[in-house]
Every structure is written in C-alpha cells, then in structure tokens.
Amino acid sequence: MSDGSTALPRWIDIGLIPILNVMMALVVSGLIIVAIGESPLEAVQIMLNGAFGYEEGIGYTLYYATNFVFTGLAVAVAFHAGLFNIGGEGQAYIGGLGAGLTILALDSLLPPVLVVPLGILAAGLFGAAWASIPAYLQAYRGSHIVITTIMFNFIASALMVYLLVNVLIKPGQMSPESREFEAGAQLPFMHEILGWFGIEVAHSPLNASIIWALLCCVGLWFFIWRTRWGYEIRAVGFNEKAAVYAGIRPAKMVMLAMFVSGALAGFVGVNEVMGVHHRLLLNFTAGYGFTGIAVSLMGRNHPFGIVMASLLFGLLYQGGAELAFEVPTITRELVVVIQGLVILFSGALAYMSTPWVTWVYVRLTRKSSVVLTGAT
Amino acid sequence: MADTDRLEPVDAGQVEVPSPVDPPYAIQLGGICKSFGPVKANNNIDLAVKQGVIHGIVGENGAGKSTLMSILYGFYEADRGTIRVNGEGVRITSSKAAIAAGIGMVHQHFMLVDPFNVLENIILGAESGQLLQGGLDHARAKLEHLKQEYGLHVDLDATTSELPVGEQQRVEILKALYRDARILILDEPTGVLTPQETKQLFAILNALRREGVTIILITHKLREIMAITDSVSVMRGGEMVAHRDTANTSREELAELMVGRKVVDTTGRGSVTRGPVRLRVEGLSDGVKQSLLDLDDLNFDVHAGEIVGIAGVSGNGQSQLLEILSGIRPFDTGRIVLNGREISPQAPIDPNEVRALKVAHVPEDRHRRGLVTSFSAEESAILGYHDRDRYSRGALLDHEHINSECHRLMEAFDVRPRDPKIRSANMSGGNQQKLILAREIDKDPEILLVGQPTRGVDIGAIEFIHGQLLALRQRGCAVVMVSVELDEIMTLSDRILVMFGGRIVAEVDGKDADEKMLGLMMANAHGEAVHGEGIMA
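In order, the protein sequences belong to chains A and B. Residue numbering for the first sequence follows numbering that gives the first Met the number 0, starting at 0 and increasing by one per position. Residue numbering for the second sequence follows numbering that gives the first Met the number 0, starting at 0 and increasing by one per position.
Wrong hints could be hidden among the right ones.
[Said to hold, decoys possible] Listed below are several chain A residues computed to face chain B (Cβ distance under 7 Å; list not exhaustive): (1) 230; (2) 238; (3) 244.
It should be emphasised that the hints constitute simulated quantities derived from the structure, not laboratory data. In this text, all values refer to a predicted model and were calculated from it rather than measured experimentally. Note that beta-carbon positions come from the ideal geometry of N, C-alpha and C, so glycine has one too.
Take the sequences, apply the hints, and build the full model.
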C-alpha cells in the first residue's frame, strides 16, 4: 500500500534538500543585509574569502569544523537510539576538564607518548560519565533526557567556574585559568606537523585533533552500521517495541548510546584544551555543543553528512568573524543572526522544503512516465 | 460506465447541469489517476454509485481501494480525473471539502479522543461558537433525532474509551451523519467486530439505506459483500477490473477477479498424532494489581503436533497472553511450563531465553513488533537472532552471510521483491508477514506462538501461510495461534479456546466448531451480562 510519502532518491534527500535549505537561509540573510544598506553579494564574497581564501582562514575554518564534527557525531549517535542529547555543551566542558586534570597531574611525571593518549581517553571518559547520569535517569527512572541534559549543562558550567576559581587557578593571577601544560603534553598544531615534512603554512589553531575527529567519523559509522551494538541501538531508536520483542533491553542501549555520545562530545576538550589553549579555562565550549544539534540534523545523522555540515558551520563561524571585521555596519550580532538563520532553516525547518521538492520531483519524473505495476 | 469527460479536474465553481437520469448517481468518478512516485496506485478508475444503495469495493491489499477512498475524502488529490457528487462536478481538496459535499467516512481505526464523552467526540471540529455549551446543547438535540431515525443507540454521555468497539463505531457513524453526510464510506468496518456486532452494523446500514443514504463499503470479506451490498466493484493492481450487481455474481467469481486467477481451497489438513505436552499454562493471571484482570486464571496444555486456536474479539486478553508466553511481559500469578522450562513470577524469562528454548514468535502487530520498518529487509530478517553466531563475527555483523540468508528465506517463502536491501516499510503487508514467518519458521521451532497470521494479507498469501502452519504441525511443532478471523481459526485449529474478558470461556474441538456457536461464545452470550446496551439486538 502506498502511504502517501514518495521515496526520494538519496542524492535529493541528503544532497539537494540541505543545499536548498542553506540557500533559503542565505536569501533571507541577504534581504537583511540589503535592509541595512550593504551589498549581500559583497558580504558573501567576504565570507567565502575569509573562510577559504587564504591559509590562515582555512586553518580556522577547519579548526571550528573539528569541534562541530565531535558534537555533531555526539548528537547523531544519541539520535539513532531515539534520544535527543542537548547536553553536548556540558559534556564537552567536562570532557575538557578530564583532559585538563589528567595532564595537570601527569605531564611532569610521564613521557608525552603516554600523557597525550591518557588525556584523550580522560576527555572521552569524563564526557561519557557526565552523559551517563541523565542516561541512567532516563533509562531507569523515566526522567526525560531532554530536560536532564539541559540541566546538566548548567551544572557543568557552575562546576567549572567553582573549580577554576577556587581550586585549579594558577596562584598569583587574576584570570581563572590553570597553569599551562608542559610542552610535551600539548597536541601539535597542523602547521607544526606540516612543518616536519617541510611544508610551510600559516599559523592557525588547527591541530592534530582533526585527525582524531576523522577517525571518530569512520569509527562511528562502523559502530552504528556494522556492529551488533549499533544494530541494537538502531532497533531501539526506530521501534522500541520490536527491540523488546527481539530480546534487546532498551535501558541498556540508552546507556550505551549516551555513553558513546558523551565521549564524542567530550573530545571537544581534546581540541580546545589539549590542542589550542594548553590550559584549563572557562567557556572554551563556546556553544559548539548546541550547534552540534544543527550539524547533526543537517548531516542527517550520518558521519559523512556531519563532516559536510561541519565544514559549512566552520565557514559560517570563520567567514562571519571576517565579515564583522571587514564591514563595520555588519556587526558581530548580525553575523550571529546569519548563523542563526542557517541553523533555523537547516535544523528546525529541515523538512520544510521536502514537500515542494517531492512535488517537483514527481512532476519531473512523471514526464518520463515510468510504468511500474503495483508491486505492493 | 460513467458518462464523464476525462479532460480536466472540474472546478468547484463550475456547475454542471445534473442530468436527470433515473436513478441519479451519488458518486461518479471518471478516469481517476494517482501515482506515488513511479507506483500507480490508481490507474484510470471509473466508478458510478447510484443514490441510496450499498456499494461494495473489494480488492486485495494494495489494490488501490484505500487510495481511491482517500481521494474521495480529500486526503489526497487525484493527479487526473473527475469527481461528481450528485451529478455536480466537485474538486475535493481536503476532508473539509468532502464533508461540505456531503461525504462522511468511518475509518478502519477510529478517530476518537478516548477520554472525551461521546457527545464531545461527535462535535469535535464542528463546535460552532467560542463557548462549548451552546454547541453541545444544539448537538444533543440533533443527535437525539438522528438516533431515533436510524436506530443508532449510543449513550451520548458515556466515556468513549469505555464503550465496546461496536458502539465506538456507531459514534463514528453518528459523527458523519451529524455533519449531514448523505454518502458514507466505511473502510473495513467489520474487522474488529464479533459476528453479532457485525449483524447489528448491517441492520444500521440497512436503516441508513432506507433513508436514502448512499453507502460505500470497503472490505476484503466477500461474504459480507454478498450479504449486504446492492452492487460491487472489484479492484486489482490499481485498476478497476469489474463492476457487478451483487445479485448476478458469486463469491467465487469475485475472488477470482480479485486475485486474477482461480483460487483453490487447500485445506487438506491431514491427521497428525498428538505428541507430548510442549506448553502448559496453570492458573495464569495478570493485572491483579490493577484490580482489573487482563488474564484471569488460564489453564491449558498444548501438545506437539497440534494447532490450538485462540478465538475472541480483540482486546479480551489474547495479546497479553502471547506477550507473556513469549517472555515480553511478566505476569502476576500462575505457572507456565514452556518446553520444559518452568516460568513463574519468581522465575521470569526474557525473550532471548524463550528463543533459546526453540520457541518462535510471530507477533500480532508486525509493524510495531515484528520488524523495524526503517530497517532493510535483511536487517529485519535477523531481528531477535542477531546475537546468534551464524550472523556475527565477534561484535561485528556478518553482512555477507546475513544477505545470503535473507535471500534464501525470500526464496523459500516467496517474499517479493527478492531484494534483501529493500526497506522493510516498502514491502507490502503480505510480504512483510511472509518475511517474519520465514525468519521464525526457519529456526525449526518446537513451539510456535503466532498472532493474527494473515491480518492484512492477500488471499494468495493466506493460502501459503496456512500451508506453512499446517506443515509445521505436521513436523510436530506445537502451535498456539491467536486470530480474530473465525474462518482461519476453524480451518486450522485442532482445538479452539475462546477468550472473553481475560478468561477462557470455552474449549471446542476443531471439528465441532461452527461460526454461530463461536460467535456467541466470543460475545459470552451464555455467561454474564455484557456491557453496553443492545448488544443482543
């Protein structure tokens, strides 16, 4: 039986529709830019140039994208289990804390070749542990995970302020930051890595975390679509009753999915704390956890889509900063508006254009008049 | 056929001159086409229904009946074709437009708000005015009149969820009549009714026909078509293949038209000697804590090599029983011995262990339990068995093997299309069911628990599924079959247990069962007073 929904080919579903959504956001943004008396085309040019036009800009774009890959994957894996993890922000924060604590404790004791992996591991474990509390409350106590993960963002934030102001602050300074890590415990920057091979590029915060992010993409794809656990997570996410019928325990899968999700979000701490700042500090998560929701939605919860969406949001962050810098009338706030519009159209309104596209697709394909017998 | 010009959809404003033919037509459809992507759900459909008749539409699942009715009721818009209601060309773009044209629909799954009372449900969406009270009073007066006129007895102040299914259906009919429907579409109205309730429904339909209401009855039960309709149309594969006056056709002819070939009755059951007891249920009760018993002191045995059919109107505890036996649901008191393993509230069991005991389970609701609709067929084909060594290498699923296994199952059970990568949701109901049966039967179970084996399945596939169940019995499997289809119960069962209100109210030998007797037992006419008025009318 036809259920009224026409199945669109994949290239439309995961390619054309997201692009259309971004275009719509850009059109609306363009109208706003026209309204304040600037040229939208020029603005787009400045943004693109700022993001991809020169080496340092590319470095920044990829650095932002690294964070979005982590948080986007985190949202995606929870989503496959039917969960909406809005706590990426807090999990990233606590992940950074884990990395920081581990390195502060060990960087003068152990060689770098041990400290760095331990730092990465700690970031994942701390993030996972932080996500496990709402997961437990959802799985065994029925507290809705959307509510609890939001609340845990605030708890994480308050905890970090307390720790940095009262415990971890480097004595004798005003700003709430820890001491800097030993040089060996810092992840190398990409310009350093490329330098080893004799390739000279401009300096940027882009560091070795991006390699880890890409490994996580491949790993997560494998986990979700090739392992038994991924199968069980998806079964629970799509159809919990069928999962129970199959002998899968949904509570266990909720715990597992959130554990993995929290670990992925925690890796933002690897990029920020170990890769860029080389110390513990406040507010390094900067909203990456929340943007991860839009990234995941736009990337259709698939690692490849998430990489693409992360690049787009990296472009928006880096190009947007450039735009605010270059055009005085386009303020920082207006750039946030543009970013917000993209999130709105590709996140909240992600499926708005689907009916129109379906309509057009059906009209176009009917022309070629494919006759199929009702093999229903 | 309908004398319609098949040019353009007619605008609502463009009034056609009603041709004074005798008797006039309530509905005339001309050249209706509707495609979903490449699938032509309706291809050039013509249909004419005279005023004041009961017109049946039959066809297998996927024949396009529901699509056609959805077009008539404004859920979909046709790609091409004309619709005339009482001779006037109309464009029905929404259910609102359908209601305005005097068309009402009673859906297979009722569209009622459970905690509302009957009156509130009926005026829902037609409240008139900002304050509720005025509308309610007006509606009550009008409904009392309607109830009188058509003999539709329902207590307007009863809470909807507490009404028996048959009465909920009357609420749906009243809802349509309240909106001044003169053309009533009923989609599989008898699927959830006992034979007695069906009889009452037909009495109501007859009363409506006497008052000049036109009724379109969609069903796959040919017996009902023969019993009540004046004329009938047959659909197959998205096309209208025949129109007949009911008086001039037969069940055999209609079945042949539906399937497109001769249908052979293959109920050669053969005899099997009963083996040892495979399943024993003793004093099983559930729902004790809620003070309303879902299951009340069940006792029965099932032997190897027999099919025990559990008959009953849905919602009398059969579903709970299946869930308990398959380890999905715990229970309060009693004891079950499942292939040697003793199960009690103190020693519960989970679905994995049930499977390990060589017990297979084909659940009642294939969409919500039997498979994951967004999984590929091959992924659905290992559901419940994905932990087995044959499907996995360590933590990884062995996709190559899963694929070839799925292909083998599809061959063996004639699942179409033979594409292990197809999304489960894109398979038809019958093929989904065959895939689930293949998955379960392939494990060579010693006990098979099966719920509604042929619900929503084509006639051709029903034959096949029944054959498989009988073959399983032949091999010495103990089969527990829950079904609301009496024909199915009577065809297959060696013994029949009838459930009512969570109890087993009767046990009948399969050979001695007849429909009337089972129907009375299902309504518990022998036992206590039945809730709701007029059930014995």
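Outcome of the hint check:
1. With a cut of 7 Å, the hint placing residue 230 of chain A at the interface with chain B holds, because the nearest CB-to-CB distance is about 6 Å.
2. Annotation: interface hint on residue 238 of chain A holds; nearest CB of chain B at approximately 5 Å, less than 7 Å.
3. Interface restraint check: residue 244 of chain A against chain B, minimum CB-CB distance 5 Å, threshold 7 Å, status holds.
Taken one by one, the earlier hints all hold for this structure without exception.
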